[in-house]
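Dock chains B and C with the ligands against the given chain A, drawing on the hints supplied.
Chains as they are written, first to last, in numbering that gives the first Met the number 0: chain A, 0 to 398; chain B, 0 to 246; chain C, 0 to 289.
Keep in mind the hints are simulated off the structure, nothing from the lab.
Since no wrong hints were added, every one of them can be taken at face value.
Here are the simulated lysine-lysine pairs, DSSO-like style, with alpha carbons at most 27 Å apart: (1) Lys397/A to Lys336/A; (2) Lys212/A to Lys89/A; (3) Lys117/C to Lys212/A; (4) Lys387/A to Lys173/A; (5) Lys186/A to Lys198/A; (6) Lys375/A to Lys169/A; (7) Lys39/A to Lys89/A; (8) Lys39/A to Lys336/A; (9) Lys375/A to Lys117/C; (10) Lys117/C to Lys303/A; (11) Lys296/A to Lys66/A; (12) Lys330/A to Lys347/A; (13) Lys117/C to Lys308/A; (14) Lys164/C to Lys287/C; (15) Lys66/A to Lys330/A; (16) Lys197/A to Lys169/A; (17) Lys117/C to Lys66/A; (18) Lys186/A to Lys117/C; (19) Lys347/A to Lys67/A; (20) Lys117/C to Lys89/A; (21) Lys347/A to Lys296/A.
Small disclaimer: the values here were computed from a predicted structure and weren't measured.
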Amino acid sequence: MTKDITFSRRTFTKAALALCGTAVTTATPLRYALGADPLKIGLILPYSGVYANFGEGITNGFEFALKKRGGQIAGRPVQVIKGDDQLDPKVGSEVAQKIVTRDNVDLVVGTVGSNVLPVLQKICTDNNKPLIVPTAAGNDTTRVQCHPLVFRVSHSNWQMTSPAGAWLFKRGAKRVMTMGMNYATGKEEVIAFSDEFKKAGGEIIDQKWPGLKELDYQAYFADVLAKQPDAMFTFFAGSNAVEFVKQYAQAGLKERVPLFGAAYLTDSTLLAAQGSAADGVITSGHYAPSLDNAANKKFLADFKQATGKDGDINSMHGHDSVEVVALGLEKTKGDIKDSAGLSQALQKVEFASPRGPFRFSRARNPIQNIYAIEAKGGQLRVIETIQKDVEDPTAECKV
Amino acid sequence: MSLLETKSLSKNFGSLNAVRDVSLQIQPGEIHAVIGPNGAGKTTFLNLLSGELPVSAGCLQFEGHDITRWSPDRRANAGIGRSFQHSAVFEDLTVHENLRLAAQTQYPKSFGMLWPAEGYTDVAARVTDVIAQLSLNAAESTRAGELSHGEQRQLEIGMLMAISPKLMMLDEPTSGMSRNETLELIGILRRLSERHTLMLVEHDMDVVFQLAHRITVLVNGSVLASGTPEAIRADASVRIAYLGQED
Amino acid sequence: MQLSTFLIQLLNGLQYGMLLFLIASGLTLTFGVMGIINLAHGAFFMIGAYLVFQFARIYEWPLPLACASAIVAVVVLGSIVERAVLAPLVDRDHLDQVLVTYGLILIFDELAVVLWGKDVHAAEIPAMLRGSVHISDMIVYPVYRLALAGAGLVCAIGLYLIVAKTRIGMIVRAGSHDRSMVSALGINVGPVFALVFGLGAALAALAGILAAPILSVSPGMGDKIIIIAFVVVVIGGIGSIKGAFVGALLVGLFDSFGKVLFPTVSSLVIYALMALILVWRPNGLFGKAA
Ligand SMILES: Nc1ncnc2c1ncn2[C@@H]1O[C@H](COP(=O)(O)OP(=O)(O)OP(=O)(O)O)[C@@H](O)[C@H]1O
Ligand SMILES: [Mg+2]
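One chain only, chain A, in its complex shape:
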């Protein structure tokens, strides 16, 4: 059975690809006053598949930030060439080949899936093109895999949850149970938390790793009741996060064992579906729309005015990707050919992001604040800064 499904899934994907033909990559030139040589940016994201909403949100923020800058970066009009990697390394590789070598873009912004990132990174760096990563969070990207031309705008998995370890211990939790989706991201985020929590003196009494296809977490809950931990720390994302949060609350556990997790757990796109089940859940993360700072207020207001939509973490990442490129290129006066000079210029980018102060570490991962974010009444509220200027360890990055 499974074999048949896999087989037909592939066949259908292929058929669909063949049908769509050129639709896979759509060139969308933003036309502006002719004159200066245009700057060509490849925007490679998942526009279909389970992470499609990431691709959409990042693109909205990206286009908004460009528009805000009059469609120009460092005096050069910008032409954007979009590609859909479908969260599939093979498709991603084809799309990247085309955009990098045939369309010959100057730099690439992409992507979301940690599975696609390595192939994208290889194609970009082989061709000496800078790669700005808006979201993929695998630790390795800015550790052993780090590269002078690869800059991450979002965060590493470690960064997201590690500060919460000591913080939760200080809040009084001594015995904690963890649950995380059983894949690379889930493991990195939960383990980063557990390591810090143990270092602080806490005890991890049990770690559970439900599969990605899990529908019903109820069966895990009896054990939680039996073991009575002081808190539950989790990593869930997307529809799994909705299911987990609802079922946790429905089982009456939320009042007995307070629920914590990485910010994906109560992402603003999920809150409506989670409803009151999410109330009181606290997560650690680097951004929430309710952050109280001038840059964020301006971003949200302008974004709403320009697009009619509410800004969120994805549009913020898209926006900041453009900021990084723009601020870096302004330093080189629009010159993109000298890659060593460009790398240094980008490395030095520093600005007030909607998330708070932003600068790059030696490994080109942002140094940023990590906040405690509480969900309440369908809103996310930053209740305190867990730790300022959190830097992902750079020791493993040799270049």
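Using the frame of chain A, we list chains B and C with the ligands on its own:
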């Protein structure tokens, strides 16, 4: 008028001509046996008559209507009933349920699909009537799958009796039966032929020659000979092609 | 294992099993009677959930009306699919059926995206079914899950009565043994197929409606559960309602106890169960030899 008439009926499976150009008439009230060696096309021919298989060429008429394109259930409702070569009872259903399922088709208007199947007296009476005519030892509530082979074959014929078709087509009804069971069946078939026209595909020559009014011999999909038992017995080509092997 | 844990897991397993049965029964009926492997069965589950979300949360219809409308709509949709797409596939290769019905999955998932967007939605638990039953300090069980198990059981009994006692039930049992025999008796199987298919679609929609408050309503939500439903059907024996019932309970129980007893490999437990049962009985528990 003949009850059933085929005109140049043919069936090909790819390049294999399983039935070729068969024209034959079945008269009301007769017992018509179709015989032939293994693979001669007898079952295929029967499948063409019942609508189980679409014809490749030719046509067939039942009571003067062209039924070549009719679906199997429409033919069954018009009065063509059949049994299958490999004992075909619904093993999960009880003896009673098997017969009831068949009998109900005779009272289509009287049943909502979701009404309890039990408790409709006409149907129940008919089932009782059929059981009386069979010689089953097992109880009505026995699962059909648990019957002996011979009893299953009887039950199958019972189901045919319950739908009371004008033409009953039986595909090797005695296969796998003991001598005694065969003798019992011959009696049942003889009684049946008082009310139904029978078409019989059969390997057992004793059965054929005891019962049949007319015999058609199929070889390699074609009619080799067709006539009374005496004529067939006397036919030299049949002797050489077929009966000779039996002697 | 503590007694309280044992009892809760037992409840969990039964409850999950009932939900699976609602989906698996339609799947096994369609296969048994029509001989069709309908991968798109999960789409009815998904659409049921989406429609009740649409009717109850967006249009704010009263819940019974919303549920009834959602089921009726899914049955209508199912009938169209059956007539237009599946009926012509009855005599085709299983691979063809798998390909076509997989195509249907893609179409319905995409349709859900077009109509409701890529966001994850959810339905609320009706007010009277909120909260938990406190059996003891260690045994706390959500009321809604008990209700869900109850609804599943009622459907199972209803389905049993239909299959065992009614005329269509008799035809269904006969048809899953041999379709051509049924038509040789003069029964037109077309309407029977349509009825059975409609019933299966209604049960899947009901499962989607019941599951909507605990699961998320999102494109592709049917795909996750349909795989487990297939495991249930294979364990129980393809075409057998009784098998679907027993298979669903087994999968539910093994899944919930597996998570406690073998936490590291819990996602494999039901597949191991399937493999073992197939070694012991290649046609499943109540399946017939091919
Ligand atoms: N569905 C089919 N596809 C291909 N070939 C077939 C099919 N059905 C029958 N045949 C072939 O057609 C020929 C006639 O078969 P048929 O079953 O009609 O013979 P028969 O006279 O009934 O034989 P027997 O006495 O063994 O029952 C055989 O060669 C058989 O292999
Ligand atoms: Mg034969």
